[in-house]
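Work out the full structure, taking the sequences as your base and the hints as a guide.
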Amino acid sequence: MNGGLRRSVVTGIGVIAPGGGSREEFWQRITGGKPAIRRITAFDPEPFRSQIAAECDFDPSAYGLTPREVRRLDRFVLMALACAEEAFADSGLTSADPERMGVSLGTAVGSTIRLEEEYVVASNGGRDWVVDPTHVTPFLYQALVPSSAATELAVRFHAQGPAAVISTGCTSGIDAIAHAHTLIQDGEADVVIAGASDAPISPITVACFDAIRATSPRNTDPEQASRPFDADRQGFVLGEGAAVLIVEELQHALARGARVYCEITGFGARANAFHMTGLRADGFELGEAIMEAMDRARLAPEDLGYISAHGSGTKQNDRHETAAYKHALGEAARRVPISSIKSVIGHSLGAIGSIEMAACALAIQRGVVPPTANLTTPDPECDLDYTPVTAREVTVDHALSTGSGFGGFQSAMVFSRLEAA
Amino acid sequence: MSHRMVITGIGVVAPTGLGAVEHWENGLAGRSGIRALADSAALPVKVAGQVAAFDETEHVEPRLLVQTDKWSWMALAATEFALADAALDPMGEFPFHLSVVTASSSGGNAFGQREIEALYRSGPRAVSAYQSIGWFYAASSGQISIRHRAKGPCGVIVSDGAGGIDALAQAGRLIRRGGQAVMVGGTEAPLSPYALVCQAGQGTLSGEPDPARAYRPFARESGGFVPGEGGAMLVVEEWHRAHMRPAAHMYAEIAGTAATHDARDPAAPPADGRQLARAMSLALERAGCDADEVDAVFADGAGTPAGDEAEAAALAQVFRGRRVPVTVPKTMTGRLNSGGGALDVAWAALALHHGVLPPTVNAGEPAHDLDLVTRARELPGLRTVLVVARGVGGFNAAAVLRTPDR
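Residue numbers (this note's numbering), protein chains in the order written: chain A, 1 to 421; chain B, 1 to 406.
These aren't lab readings, by the way, just hints derived from the structure by calculation.
Only true hints are included.
Covered, in the sense of this in silico footprint (three residues per stretch, anywhere, with C-beta under 8 Å from a C-beta of chain A), are these stretches of chain B:
# : segment
1 : 108-118
2 : 137-145
3 : 154-168
4 : 265-276
Some chain A residues near chain B, calculated using beta-carbon distances under 7 Å:
#  : residue
5  : Phe-48
6  : Gly-126
7  : Val-130
8  : Leu-140
9  : Ala-159
10 : Ala-164
11 : Val-165
12 : Gly-407
Partial chain A-side listing against chain B, Cβ under 7 Å, derived:
#  : residue
13 : Val-145
14 : Pro-146
15 : Ser-148
16 : Ala-211
17 : Ala-269
In this text, a Cβ means the ideal position worked out from N, Cα and C, and glycines have one as well.
Here is the structure:
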């Protein structure tokens, strides 16, 4: 129960992830623990320090998207639309009051591929500072402002309620679902198309993470490059993808006999106010975010059946996160299975938070916890149960997911089985 | 009546000036910041609202300057002004009670252009270590949080020109959940060369080279809008807490906010303004306020015939034909995208504080039956205002601001 506030539940899930172009393929991929990471094919990665990524073999036409939409929209928008179609179909929602339906889509870097490609045209290959508008696509404004993705969703699904893109960097995916949850709690909407999408695999994004040595340079061994919590981890592996959840007010869902995956029971967010990219080893603010999410869900640490970690595979993140779990959950942190699916599908920046929430919903529904691939030599500083290599069957009534991002933002969200909430 | 919130500090970095006082005085005098745009030969727009006399080195330390774009410099400076105006020292506050919410639609444009240029001219090793934190949409919120030790939940909202009001709405949600003070608003810096090229294809920009004729919302001559840079940051505090601080201004209570989306093909926007009207009505309803109580409207003022028609229709629906005073002071700044809604809220709060409405300049021949405020107008009973903002694609937002009863 949630103190008299309206309650929100997840009734539909759509996912496009590396190695899995649908919810079911995604689930098989992450529970199978087989990394979908390869040498970059989107462009020639030779000049870069990190030459690997978790790419999606995404064919928009296979999802019914038209050539005109493909011309008009960046890849991140197309992936969001495709996921939303799957989520809607999954929810069984056929009619809803358009004025009570909202959109909350997260993205960290928006239409970065389109902006970069068109810049190369407009600047004559980077030679002109004052660029020429003559030869660029007429749809470039839609690339400039990521809010165009929220518009596409609102138009396609006829959502006339509040619509926005949430762009808090790498916590965008959790924060966008939290925003949907808040809109429902506060009575601003009954249904929200909520999720996140990012398609950042472009030369400028790869170069900017190269410059701060955040991504793994393990180019000869792509499948083993993403190794969260492992002693041999060397950074994160860039990924792409999207997930959309249909978030619905509980009574609205029950009244139409909807299948409910889980309830959104808690959310907490904090900023570390410390550094744009650096993290203090003590994980204090992330721990505080977790404690708020747990408080709002009215849970004790022992109630958790699974934690989906941010687990990016950078040296500092995994240590920071381990400390945060201990700070927030005490001894219970040692007993709950934790894993990072980034070991399999890489780090898709803003999108990954929603993809990980989808994993939590499916873990609750199916009683399986996906593993952390490549965790063969645990870092002694990351001494919790990070579910190495193989999936585990376990009843999950409550799942926690955490995210940590540039800007110092820390977010935590709890999903609960409806009967257990 | 718990969880009410009030604007206690206003920080402005806009074509109308730096700081709330300069901005307000220039605005009342109708001094426009729309000027000829350099290097506009190939562009479909020739003038823009430009922030003159902004020296970023006065507001941002050198270490931070190299990490950030002009859009963040303006947000940092505006936040500094707002905190000073609110007499609020964040270092004296419990950090987990302070939050930052900004609206941002285009991020660090000049920064991003420079780094992509470096990549294509000189290769990956030429790309700045700060590209990953300088360009992305969350940079301003992150930097403000770090500078002022705000450790509460922070946010970044993107809904094009509706973002400034949507950010304010998010501040309200945080305060309803126990937040005490939020630094909230938006800025935009969309006048760098590539950002202008990105806007060029919209077809709604004004091509008029005369700054006095380029942006004339609700006029027969309306033929597009002028872009601009800058915006505003506000300090918004929980009501009781603000009352406990004698030094705090009590500019305006944020009584209600709402957002809707047209959900129509953006190429064919609805002429009836139905969803825009609904946003206005919902904001009034949440404020517990009847349309008859509204003393003035800060309109969105698209400056395109279709956009103006939709807004005039929405106003007619909501006010049932009553001729409420309507002003579009952004005729002095151009449309600032995410900064625009925030600046209009700042303007509205100052109007309530002073009992004067800032004017719509360069009004032209009226195309709609509106009581358009074309000269600064004193309204001694000014107590309740409605602020309207729209974003490209169909975003609608509205906020009701009220004079606080102390």
